[in-house]
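Protein chains in written order, with my numbering: chain A, 1 to 515; chain B, 1001 to 1336; chain C, 2001 to 2331; chain D, 3001 to 3315.
A few of these clues could be false.
As the list claims (entries may be wrong) - Restraint ranges, calculated between C-beta atoms of paired labels, are given here:
| hint | chain 1 | residue 1 | chain 2 | residue 2 | range |
| --- | --- | --- | --- | --- | --- |
| 1 | A | Ala343 | C | Val2175 | 50 to 60 Å |
| 2 | C | Ala2117 | B | Ser1046 | 37 to 47 Å |
| 3 | A | Tyr25 | C | Ala2188 | 34 to 44 Å |
| 4 | B | Cys1324 | D | Gly3030 | 58 to 68 Å |
| 5 | B | Asp1075 | A | Val384 | 43 to 53 Å |
| 6 | C | Ala2041 | A | Leu189 | 33 to 43 Å |
| 7 | C | Tyr2305 | B | Ala1173 | 40 to 50 Å |
Simulated from the structure, these hints should not be mistaken for lab results. For glycine and all other residues, C-beta sits at the position ideal for the given N, C-alpha and C.
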Amino acid sequence: MSAEGVVAQRSPSVVLEVRGLVKAYPGVTALDGVDLEVRQNEVLGLAGENGAGKSTLLKTLVGLVRPDAGEIYVRGQRVRLRNVVDAANHGIGMVFQEQSLVPNLTAAENIVLGCEGPAIRRGVYRWATMRALAQEQLDKIGSTIDPLARTDSLTFAERQMVEIAKVLRIEQRTHNSPVIILDEPTSVLEPSEIETLFEQVRRLREFASVIFVSHRLDEVLDVCDRVYVLRGGQSVGEVRPADAVAGDLHRMMIGSESHEDHYHGSAVTRDETPRERLTVRGLAGAAFRDVDLDVHAGEIVAVVGVHGSGREELCKALFGAVATTAGEVTLDGERLDLTGPRAACAAGVGYVPAERKVEGMVGPMSVADNMTLAKQRVGCAGPVIVPKRQNDIVDKWISRLSIRTPGRRTAIQRLSGGNQQKVILARWLVGGDVRLLLLDHPTRGLDVGARSEVYRLMRELAGTGVATLLLADSLEEAIGMADRVVVMSDGRIVAEVPCPPDRKPSPLDLVKEMV
Amino acid sequence: GDTDADGSAAAGTCDPADVKLVGQVRNESNPYEASWLDGGDLFAASVGLKQQRLTYDGESTKQQEQIRQILAGGDTTCLVMNVLPNGDSDTLPIVRAADQAKAFLVTQWNKPAELKPADYDRWISHLTYDGVESGRQIADALFEAMGGSGGVIALQGVLDTAAAKDRFAGLEAALGQNPGIKLLDQQTANFSRAEALAVTKTLLTKHGDAITGIWAANDDMALGALEALGQAGRAGKVAVVGIDAVPDAVKAVSESQMTATVSSDGPWQGGIGLAIGYCVATGELDMADITDVQRAFFAEQFLITSKNAGDFLAPKTDPAGFKCDNVFDRVAAPLK
Amino acid sequence: MSAPVTIRPSSDAAVVKGGPTRSESLTSLMPVLALVSLVIALAAAKPGFLSQPSMTAVVDAAAPLAVLAAGATIAVLCGGIDLSIAALASLSSVLLAMWLPTLGGLASVAVVGVAAAAGALQGAAHVFLRIPSFIVTLGGMSLFSSIALVISGAAPVPVIDDGPIRWGFTRIFDVVPSAAVVAVVVVAVLALLIKATPLGSWITATGYSEPAARLAGIPVDPLKIGAFCVSGACAGLAGVLLVARTFSGGPTMADSLLLPAVAAIVVGGTAITGGHGGLWRTLVGALVVTLLRVGLSVVGVSAAYESILYGALIVAAVALTLDRSKVMVVK
Amino acid sequence: MSVRDAGPPIALLVIVVVLSLLSPQFRTTGNALNILDAAAVLAVVTCGTTFVLLLGSIDLSAAGVMGASSLVVAVLVENSRNNLDLGILGILIAVVLAAALGCVSGLLVVLLKVPSFMTTLGVSAIGLGIATLVFDGVQPGVVDPSLRSWATGRLLGLTYLTWIAVVCVLIAWFVQRYTRLGRYAMAIGGAEEVLALSGVRVGPYKVAVFTMAGAFYGLGAVMVTSQLGSGLVQSGASYTFASITAAVVGGTLLVGGRGGVLHSTVGVLLLTVLTNGLVLIGVSPYVQGGVQGLIVVVAVAVAAAPLRHRNQVVK
Ligand SMILES: Nc1ncnc2c1ncn2[C@@H]1O[C@H](COP(=O)(O)OP(=O)(O)OP(=O)(O)O)[C@@H](O)[C@H]1O
Ligand SMILES: Nc1ncnc2c1ncn2[C@@H]1O[C@H](COP(=O)(O)OP(=O)(O)OP(=O)(O)O)[C@@H](O)[C@H]1O
Ligand SMILES: [Mg+2]
Ligand SMILES: [Mg+2]
């Protein structure tokens, strides 16, 4: 158990304290006696592998999950949190891991949703008041969003800001300083947006306590005052960023030595002569134009750029998922049919979408079904499935990629994020015919361990000649993984930076090109 | 099942107490068919039995399913069914099923022309009303009320029913003899009051004051038209006729809001079908004695105008009419 | 073509099977449970109801409904809905009655073909024009009704010689209704087709999450068109079965079967939102709905109470058969 | 107004122009008033349906709820069946009954988690059963002069029914735009899961929406009863699908969270204009249904055309 997790006497500066929290789900113990304390005006980090229980712990703090055992104290007082409103009344609010705004309402409505206060009188909206209330919240975090804009018309980062503005509403509920929980707020933000967010976090620390979760350990160390590490539903220790590095954190998370390196190691086997695999000439679509790009067999090319640079659309366009208006694309010298994903699949292109939950996996379907979804012919005799053959193939890939699942018939939604991602990757590998992989944020939301497994897999695939187009989660990832980095801005390719293992550029070099 | 080779007409040998009576109509939510079932109850009570009331919501498939289910429920040789087939096409399967199960059957209203009770052992009678005649009778009354000239609109019933077609044919026949009358428009309102209301309103806009008479293929539509006239402020200026003699319509006729309607006497229909079947089943009537005309006939119908409407305001059914000697009293004409 | 990737899975030990949990298998038995309890209740109200002829009649009555609903189940599994099936069955009955004299036995095949084409056409309109299937098939419903009315002259079309379609309405060994056999065969063939080929997971994936299915390269558009095509074909076959038992075709003959067919699908436990469900379930659902439709009145429930009971029981049946773990939010 | 919003009104305009060119009777004032009058009941019923659709649910109960309400109001106001003469109270009771039936649908959805498709179908059957019980063999005719005047009385050329419909649409629009119930209904259709995360319990709002829909059906039934002059079991039969069609044609999507009362009202007008116009230009009764169906499909297709894109999900 933790050495420092439990504090014997309650210091007055402790605003939130959790003791012996237990939560079991059928088959998993998500929380196994967690202890935690949050002090006044601090940013507390929470680190742990996928499935370590971070989100579950945080959800108990806002009354969304009822713990099986354990106590929660707010400012020394034992509380029982039945729902989000209860929690808000105690000054605890949370920004959820998956964005939780209602898309068809205005930003203002979302900000006040659930505790409208004077914005609703006797069931009737007072739009002017609501607008003012929302504006006040947005001003706090220095955002310039129009409160009456429909939420689905905002960019992702703007929506994140709305979420934060919304969570700050709890200040109105409590006279004391609030506790604000941010569950993986950065996983979908661009570097510049992350910087803005951190500024807000530091500003929040002035009057509130913040719990911050991220899988990017350097980020955690950067912004937090203290970091708790969770493993298997237990608090395994506390780290002070001042005297720790990411490696230490990771070691605590997994309980053994880490080997994180996404920078290219030495032994990458390559074809001697680079062979052109993908060539893009003058490709144009709604969000990009004049795109010329070559990717060799066995090469990993990362595309970087800010939101709106058009790189996601380009990636989708190469898969036929968004329409193109001009241009020519060839794969191994043959014209690539961009009329739809079906054609791209048939030509040996694979695509791992960023929005895993919506576009990648089919949640209620089994691991096996999800894995064979794109390459249905696998394990078939003619059009007929031969169950034994198909099961064998699926099982082999499950162990090949060490996918942790109770079995091939388990619904994929019951797997941890990293394992879900591996299944989606395996989807393109089971056919044995993939030539080009389009990876849109393949490590989004994955813990360090899962991430390095995905890296390993990408390298292995590259080693066998697969060409990879990578939209990386961070600049470091892009630089680390890629042989070449392509910078996009405003729908055009503005720079190409070679990234050989021995001469990696610095992130700063890239940022210069991006803006 | 066609006629047995030896032509043995089924002799009724049922104990009166063993007879089971079934009356089946579309639904109990319109007054005409509800009164039909009540008539059936009245007859059943008069012989100390109970009628099983069945309704099929105007769904042909449900009617067939019900009939087959009833016929599959044990001994059916003393079963008597008085059935209102949903449409012409529903009669044949009902007849075949009943014949196979040796149940006695009387059908009313709908039957394809080529299908004849005389070809079956257990299908005793089919009785209906001369739709052409009723359509013509009310048309004549209408034209008379209009003074022999003017414009009429016609509201048709459910288009694929014989009743709708025959009645309209009657109107056309009457129009042929009254050159002063012009048929301005004809639309279907599916025998429905609400649809008639909407259609009439539209037609009133279309033809305006040219309309001086409304011919409706049933009373429900006539009543809908009457409402439309009221709402257009033309009540009393346009003559309206219908068919069926539902209570509201008879009342309207007696109050001179409507010109005429035709009564088929629903309660009597509900009783008579069961009575015929009961008499045959118990042997009081011998199939051999039933004439061909009695096996398929037009029953008597009554034109109701303001003169005689008072007599029809309170429907009275005389159980004496259901006695085995009297069951064919209202045979008006052989089926054409 | 250059050599594709050669990364090979190692052949390690097989993985443990993780299958449906016990509660999951239990919910999949619920439709049968609903059916059995309904039969018991009806038999308690009227003992004669359990007799063999009576049961035969129920099974026979359920057959056209089952065929009609089976096809539509596939459209529902894909995440759509087909409201045109009943009108299409009516149109098919008219076409069959009109074509029988000239085409004889081939008429049935022709009718099913035409109905399938009509279904496919709706599917194409839904997919290519991006109109909700609800609207397309609602439009189809009124269109097919109009066509049926016009070509039949708004009158039933009698079948003089029903020889070529007698197979649709006989008793095998005097006990088993041939229509029920047809229904079982249709369901079995469709179920096998889905189970034995990748079609099954294509349909499920499309129903649960169309974006994911598309991005996995599943031919979602042809699949949906196919689903509506099958739905149409089944409607055509249901029309044939109805003609076989009523000896005529009618332009409104099957119209009233729409809501019972959808009810059969839902009572079977298929999620109306798509993805989860199956064809055998619909077969059971059709039996439940038929029992409710005819059983109640035949055991002597009066019209008004029949309607009330039908409403209450059908909701109860769905409450029982629903697999709540498979539907995230109930709409 | 967004592109999506503009489609249906433009379609309505085009249809009106075309029909005006084809039929001189169509373009008379009298006919315009007639159309408004004919649209009144459907407009009120569609107000109810719209809110349910906004939730992402569906409501097939209008037929049954209206039947029950229609008979209840007919026997409670001054009528040809009994001596009751509750007047406005009778109307209120009928609307409350309808709201109660709607509430049952909602409770079944929320408590038993049965999809609304089935609960409302069941409640519709229950409503028809109640109606048949009250009907009891003879149609109760409405004598009550004030209720009868709803259909006959006119103010500024429009019938009272039209005015009632206008008021209902305005109230519904207000509810949708300015009340918590309306906005939450919108939100539930947009992202139901999210509301729980914001501490909003969606159950009560869902039940309230179904209840409100029931109340609109009840009022619609009272209006029909006034029009027809008696209580009819079948008085709501055609409104279930008509109201859903009208809402969807107007741009209230079946998936929920999109459109609203004004959209649906455009749909109501579109359908009513079509029904009226096809009769006036003399389209054969046999093909009217088909033509109407085709036009609806084309109207929706054209309205949806500017929004088409790959990967768009249409259910
Ligand atoms: N509602 C639930 N039902 C069943 N199991 C659950 C549920 N919620 C969480 N779990 C399980 O509890 C464990 C902890 O999950 P949790 O979401 O808290 O992890 P996490 O640390 O937030 O992971 P990540 O970094 O991927 O977000 C996991 O094994 C998860 O599968
Ligand atoms: N009275 C009001 N004052 C200010 N803003 C409002 C008012 N009513 C609604 N809004 C907000 O303005 C935006 C537009 O309104 P709403 O969502 O009702 O539908 P809309 O504009 O018709 O959108 P659509 O029809 O495209 O869905 C909404 O996001 C709503 O929250
Ligand atoms: Mg988490
Ligand atoms: Mg709007």
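Hints, verified against the model:
1. A:Ala343 to C:Val2175: 50 to 60 Å: 53 Å, holds
2. C:Ala2117 to B:Ser1046: 37 to 47 Å: With a Cβ separation near 57 Å, Ala2117 (chain C) and Ser1046 (chain B) fall outside 37 to 47 Å, so the hint is violated.
3. A:Tyr25 to C:Ala2188: 34 to 44 Å: 39 Å, holds
4. B:Cys1324 to D:Gly3030: 58 to 68 Å: 60 Å, holds
5. B:Asp1075 to A:Val384: 43 to 53 Å: 52 Å, holds
6. C:Ala2041 to A:Leu189: 33 to 43 Å: 60 Å, violated
7. C:Tyr2305 to B:Ala1173: 40 to 50 Å: 45 Å Cβ-Cβ, so the 40 to 50 Å window holds.
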